[in-house]
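2 protein chains.
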Amino acid sequence: MRFLHTADWHIGKKLNDFDLLEDQQAVFEQLVTVAKQQQVDAIVIAGDLYDRALPSEAAVATLDHMLVTLNRKLNYPLLVISGNHDSAVRLRTGRSWFSTTKMYVNTQLAEAFTPVELGDTQFFLLPYFEPFAVRDYFQDATITNVAQAIRPIVAKMKAQFKPDMRHILVSHFFAAGSDHSASETKVNVGGLDAVPIDDLAAFDYVALGHLHNHNALHAEPKIQYSGALLKYAVAEAKQEKGVYIVDTDTMARTFIPLTPQHDLIELKASYAELTDPDFYRQQDRDAYIGVDLTDTQVIPNVMAQLRKIYPRIISLRRENGVTAVKPLKQRQRDLDPLSLLKNFYAEMMQTDLTADQLKWAKAGLGEAESGQKQ
Amino acid sequence: MRFLHTADWHIGKKLNDFDLLEDQQAVFEQLVTVAKQQQVDAIVIAGDLYDRALPSEAAVATLDHMLVTLNRKLNYPLLVISGNHDSAVRLRTGRSWFSTTKMYVNTQLAEAFTPVELGDTQFFLLPYFEPFAVRDYFQDATITNVAQAIRPIVAKMKAQFKPDMRHILVSHFFAAGSDHSASETKVNVGGLDAVPIDDLAAFDYVALGHLHNHNALHAEPKIQYSGALLKYAVAEAKQEKGVYIVDTDTMARTFIPLTPQHDLIELKASYAELTDPDFYRQQDRDAYIGVDLTDTQVIPNVMAQLRKIYPRIISLRRENGVTAVKPLKQRQRDLDPLSLLKNFYAEMMQTDLTADQLKWAKAGLGEAESGQKQ
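Sequence order for the protein chains is D and C.
Residue 42 in the UniProt record's numbering sits at position 42 of the first sequence, and the numbers go up by one each step.
Residue 19 in the UniProt record's numbering sits at position 19 of the second sequence, and the numbers go up by one each step.
It should be emphasised that the hints constitute simulated quantities derived from the structure, not laboratory data.
Be aware that one or more of the hints could be misleading.
Since copy identity is lost for identical chains, a pair holds within one copy or between any two.
[What the hints assert, rightly or not] Below, computed lysine to any residue pairings styled on SDA-like, alpha-carbon distance capped at 25 angstroms:
id: 1; residue 1: 73; residue 2: 110
id: 2; residue 1: 222; residue 2: 255
id: 3; residue 1: 158; residue 2: 351
id: 4; residue 1: 308; residue 2: 361
id: 5; residue 1: 102; residue 2: 358
id: 6; residue 1: 36; residue 2: 346
id: 7; residue 1: 158; residue 2: 131
id: 8; residue 1: 222; residue 2: 117
id: 9; residue 1: 14; residue 2: 268
id: 10; residue 1: 102; residue 2: 66
id: 11; residue 1: 102; residue 2: 61
Remember, predicted model here, so these are calculated numbers, not experimental data.
Work out the full structure: start from the sequences and follow the hints.
In structure tokens, the structure reads:
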């Protein structure tokens, strides 16, 4: 059989207040096209379907539409687990009905030991878990981290293995040895919070979610992150996003890239370059952009100015820091308001007030002063 | 056929911070027993399954368990609509799967015009609606209230009527002429925000939710509120709660009461009576209680005192108001702290400080004073 492996959809995620639902819907339609073209028999979604435990109504409606499309309209069996971003309780609501049409949604550890059998393959759907849940489940007080937790889990799964079938683990955790995307938290790289990949050797393939980089385990022949559906952080700007197609006859895996409606890029330049038409006409100005500004001086209202040219700036970083504004000198405290304003304007704008501006400033300050005296 | 008519479960509702999930689960089990004893063929739930648009995880898990029990374990067809307390989007998530096992969940107006046919009966499941949604749906700008909105809705339903079948409307609105429970809001009794019962004459039975009193339309032979699952407000203390069993052969309806784990009662008495063992030993002290206190003087810490005897007090009302505490006199502002404390204590407790209390007060005030001076 052939299946599509995806994960980390993060439906409902926003990038600096930019709502991504449309982008997510658009790339999902590409995923559907890939599933059809590749004639897959099932689709694996390895956790973090939602971005938040409490998704918005719009996010709920969007994910529901996607799952209805895949399972109810196109009749793909779906193999789904919850990730650390999902609420297990909310995601599992309705699972008793979902399985009637081969949509399997596991959100509890105990469910992982009953494999779903499709064609020649046993799928073990192991949701995101905390070590204490494994300790409770196996009544083993020595389990305090995921590295210890994974061993009894795999042992119990192996007891269910049918020797003439393929054995595939679907899960959502950090596997030791991989790179680490900026979008993940609470993970100590290579430490006790990681699953050692050697402990997963029993499986023909391990379809993972959690890390957003599909190349995170590029050296591993049998363990794979699909990566996220879209680039969800500036740190992911250089990563290609897509899905894996896995063939259980040969265990060959093929990465199929997906093209987002709007890319996510990083631009490192000075303010003068960024606002120069010769520069910006060569840029993908439709993209979500993380700007890395090389200037050191203060630039007033810089985000609003740059967004006139690049409407989807999601972050602004200062490569070289900002030259500190000089602290207010004691002497300045004694200046009259108009002199203070003139000094401040000159410092910020590197030019003096014009004659008109000076007139307006005087008039404004005069009003304020007479208002105080009334 | 025979069906059970219930509504207004309000799963997740709290009464003054008392979590009702256990009470709701307990009365639900009685509902299941009634369904079995009465050998019903289907169960109608006429809206407000949840208490809030954004229910807690615990509420989500509880309702899911109830629906799984009725539909997946006991195989009852379920006819469900959203009420004004439900989020239509959240409640409908999964409906595409639910209908595979005859659980019909309608939350959108457009869905109301495709009847569900069970046995000899066509069920029209009309979710709670706002007039503007009906105006949009029928492209009729003259529709501005529910009284106008119901007419094209019923006309369109009648066009679907099969003459040899029963026609039952399931909905969630305020029908003109009924009493009005304190738990409902935004309803002008008998006004434009009500559906005139004459406009519902086409149906053999109208199974309503919204009002919590099952007797709200006691004079109507064919239109019925089931009432809520439990008493959800002090104003409902005298109402019996239960479900209707409707037989579509005879259109007979029978009210079957349910007995809550904890009743909800109102107690009107003085503080002296309420704290008198001869009185309180005769009361249902396990009940949720709305206390209507007849005293007029200030009683210090009255709620905490009464809850020692009646642990589930949900409200405290003053039948006769409270004698106003005298405003602080100018003279008192000049009193020393110890005199102020003595006066305050005497006024609140109607007795003077004991010698010990006076000693502690002096010591405490002395410490505070010396602290200030350091």
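Exercise for the section: Mind listing which of the numbered hints don't hold for this structure, in increasing order? Expected result: Hints 3, 4, 5, 6 not satisfied by this model.
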